[in-house]
Amino acid sequence: MIDVVIIGAGPAGLGAAVAAAEHGLQVCVVDEFVKPGGRLLGQLHEEPDGKWVNGIEEAQKLYNQAIGLGVDIRCGISVYDLRKLENTWCVYTTDEMIESKCLLLATGASETPIPIPGWTLPGVMSIGAAQVMGNVHRVKPGEKGIIIGVNVLSVAIARELQLCGVHVESILLPQPGLLAGSAGNPEKMMESLLRLSHLAPSPLIRMGGKWVSPKLGARLFPKNGFKMWGIPIQLRKAALEILGDNQVEGVRMAEVSANGEVLPGTEKTVSADFVCIAGGLTPMAELASVAGCSFCYVPELGGHVPLHNEFMQTNLAGLYIAGNITGVESAKVARAQGKVAGLSMARELKALVYGGNEKLYAAVEEVTETRRNALIQFQPGIEEARKELHRKFDETYKQKLVSI
Amino acid sequence: MNSMRVNHHPVLGDLETHKEIKIYFDGQEYTAYEGDTIASALLASGVRTLRFHEDKETPRGIYCNIGHCFECRVKVDGKKTVRACLTSAENHMQIESCKALSASEVKGGTL
Ligand SMILES: Cc1cc2nc3c(=O)[nH]c(=O)nc-3n(C[C@H](O)[C@H](O)[C@H](O)COP(=O)(O)OP(=O)(O)OC[C@H]3O[C@@H](n4cnc5c(N)ncnc54)[C@H](O)[C@@H]3O)c2cc1C
Ligand code: FES
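Chains as they are written, first to last, in this note's numbering: chain A, 1 to 404; chain B, 1 to 111.
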């Protein structure tokens, strides 16, 4: 039987595979995408010093490292069920059933859709879909696009689309309402944008940057928006409907007040051949619920996450989680969490020999350190929320699990 | 038509030369690159509609592009229904759009 099965070949899964294989464990990674790397593949970030971090290269490095250590990586295979036997986990895949002693879920995050009228038309896609089309498959999602939803991810990807030679007409809000949640509220979106002020200092600092409250920011926000990398960001405009007969032809939009109400008589239609919807990310934890994990709702982490501790253990023996399934953060944090999970599994399987505890504690420390230095913070208050979550875990489950 | 390809990129560099392959979608021939998914190959040729809603017959294309939403279902080689965004395009692959179901096939009646 295999020692460790890992579901997901993103930075968390590959990071864990490397750490576990370095300690002599036999590791198999399965992923349903056509190539390994997860969402890291589409990422392209400019560091403050002007150097670009290319996700494809980063993923390739991790992949090479894992392959060099003898990790078995299988792509194009989906996992649809899990079952716990006495001491083993059975992983049901579209290929074959795989049994292992320990199981790691590193399935990442998914995008929250915002269903606005016309959103099923061909040419409407999630913002991440456009990122993957352009950066990974090297196909333009269209020639001229409108992005609905103003957040960290949509602004970053708008820039990436520009680099692919795509014209991004504007980034605006969805029409406020039940389905849009806070994505339709200019104040909430201003708050999220202010977290980007280190990436695009000048326009946001002109807007007030860190010193102005989001409330004031949204009110002061110019009616015509401001530009980041030449792309108009319009917190005072909302998309009412996506138009087109058989595919996207344009968007009907209107001006909104600072608290998101549509101003009558301001409607107009702008043409586009594709539209991206950016509703934010949420941990993708279906397999953890199929397995029977306990869950907690933590808004700072993006939604419902399996209850776990800083060693990436869930409340089920032999079941670990790492990466965005534990909360939405950047790829570097996911990778650092993967290392912790890999070491924890090595520990459980008695493969962590000399200095094992020190290694594990150092890896846990590295996660916190990486989080503090992360370029993109998806939500404020992540560190505190995680501490609280770990406390809850310890309170309920500490005694019951293999002690670490 | 390959004008939708990002051949040059200021950070990622030029597109490497790929082996060209032929795929067929609803009987029409398209050129794809080895390494394409069905979804990226068809979009590169300007094809956005991958199927029609079972009941409403409205056109659908990719939404998430990473396997989460199942909006991109197509039929391959006359049997398997797959997600176009997760399936590699292969030389001579026969792909069909999923069509609206006939009234008798819609279980539980129409909506
Ligand atoms: C669309 C999208 C775009 C993003 N863009 C950015 C960005 O630009 N910058 C940034 O910092 N962060 C971005 N993120 C956040 C991203 O989640 C993290 O940066 C990081 O990639 C998380 O790593 P991970 O290993 O936890 O998950 P991922 O990198 O998402 O990897 C998870 C892997 O698990 C596989 N998988 C999931 N379920 C199954 C299953 N049932 N069977 C088989 N395989 C499965 C998936 O195919 C995927 O490859 C994005 C997230 C998404 C969803
Ligand atoms: S586009 Fe969502 S599963 Fe393919």
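No wet-lab data here; the hints were simulated from the structure. Among the hints, a few may not be true.
Derived pair list, reagent style DSBU-like, types lysine-lysine, alpha-carbon separation capped at 35 Å [as the list claims (entries may be wrong)]: (1) A:Lys35 x B:Lys19; (2) B:Lys22 x A:Lys35; (3) A:Lys144 x B:Lys99; (4) A:Lys84 x B:Lys19.
Not the full set, but computed from the structure, chain A residues with beta-carbon under 8 Å of chain B [claimed, not checked]: (5) Gly50; (6) Trp52; (7) Thr112; (8) Asn246; (9) Glu249; (10) Thr269.
Covered by chain A, per the in silico footprint, the following chain B stretches (three or more residues, Cβ under 8 Å) [to be verified]: (11) 7–16; (12) 59–68.
Ideal Cβ positions, reconstructed from N, Cα and C, are used throughout, including at glycine.
Next on the checklist: Hinted pair, alpha-carbon criterion (35 Å max): A:Lys84, B:Lys19. Please report holds or violated.
Outcome noted: Between A:Lys84 and B:Lys19 the Cα gap is close to 44 Å, so the pair fails against 35 Å, i.e. violated.
Checklist entry - Are A:Thr112 and chain B close enough, Cβ to Cβ, to be under 8 Å, as the hint says? => result violated, 11 Å
Item to check | Restraint check, 8 Å cut-off on beta carbons, for A:Trp52 near chain B | outcome: holds, 5 Å
Next on the checklist: Taking 8 Å as the Cβ threshold, is the statement that the segment 59–68 of chain B is covered by chain A upheld or broken by the three-residue rule?
Outcome noted: Answer holds; 10 residues pass the 8 Å Cβ test.
Next on the checklist: Using the nearest Cβ pair, does A:Glu249 come within less than 8 Å of chain B?
Outcome noted: violated, 12 Å
Checklist entry - Holds or violated: are the alpha carbons of A:Lys144 and B:Lys99 at most 35 Å from each other? => result At roughly 29 Å apart (the allowed maximum being 35 Å), B:Lys99 and A:Lys144 satisfy the hint.
Next on the checklist: Check whether the Cα positions of A:Lys35 and B:Lys19 lie no farther apart than 35 Å.
Outcome noted: Cα-Cα ~18 Å, so holds.
Item to check | Stated coverage of the segment 7–16 of chain B by chain A [criterion: 3+ residues, CB within 8 Å] | outcome: Check passed, 7 qualifying residues.
Checklist entry - Regarding the hint that A:Thr269 lies at the interface with chain B, is the smallest CB-CB distance below 8 Å? => result Violated - the Cβ of A:Thr269 stays beyond 8 Å from chain B, reaching only about 20 Å at its closest.
Item to check | Proposed interface contact between A:Asn246 and chain B, which counts if any beta carbon pair is under 8 Å | outcome: It holds, given that the least Cβ distance between A:Asn246 and chain B is near 5 Å, below 8 Å.
Checklist entry - Does A:Gly50 meet its interface restraint, that is, does its C-beta lie within less than 8 Å of any C-beta in chain B? => result violated, 11 Å
Checklist entry - Is the straight-line distance between the alpha-carbon of B:Lys22 and that of A:Lys35 35 Å or less? => result holds, 21 Å
Taken one by one, the earlier hints fail for this structure at numbers 4, 5, 7, 9 and 10, listed in ascending order.
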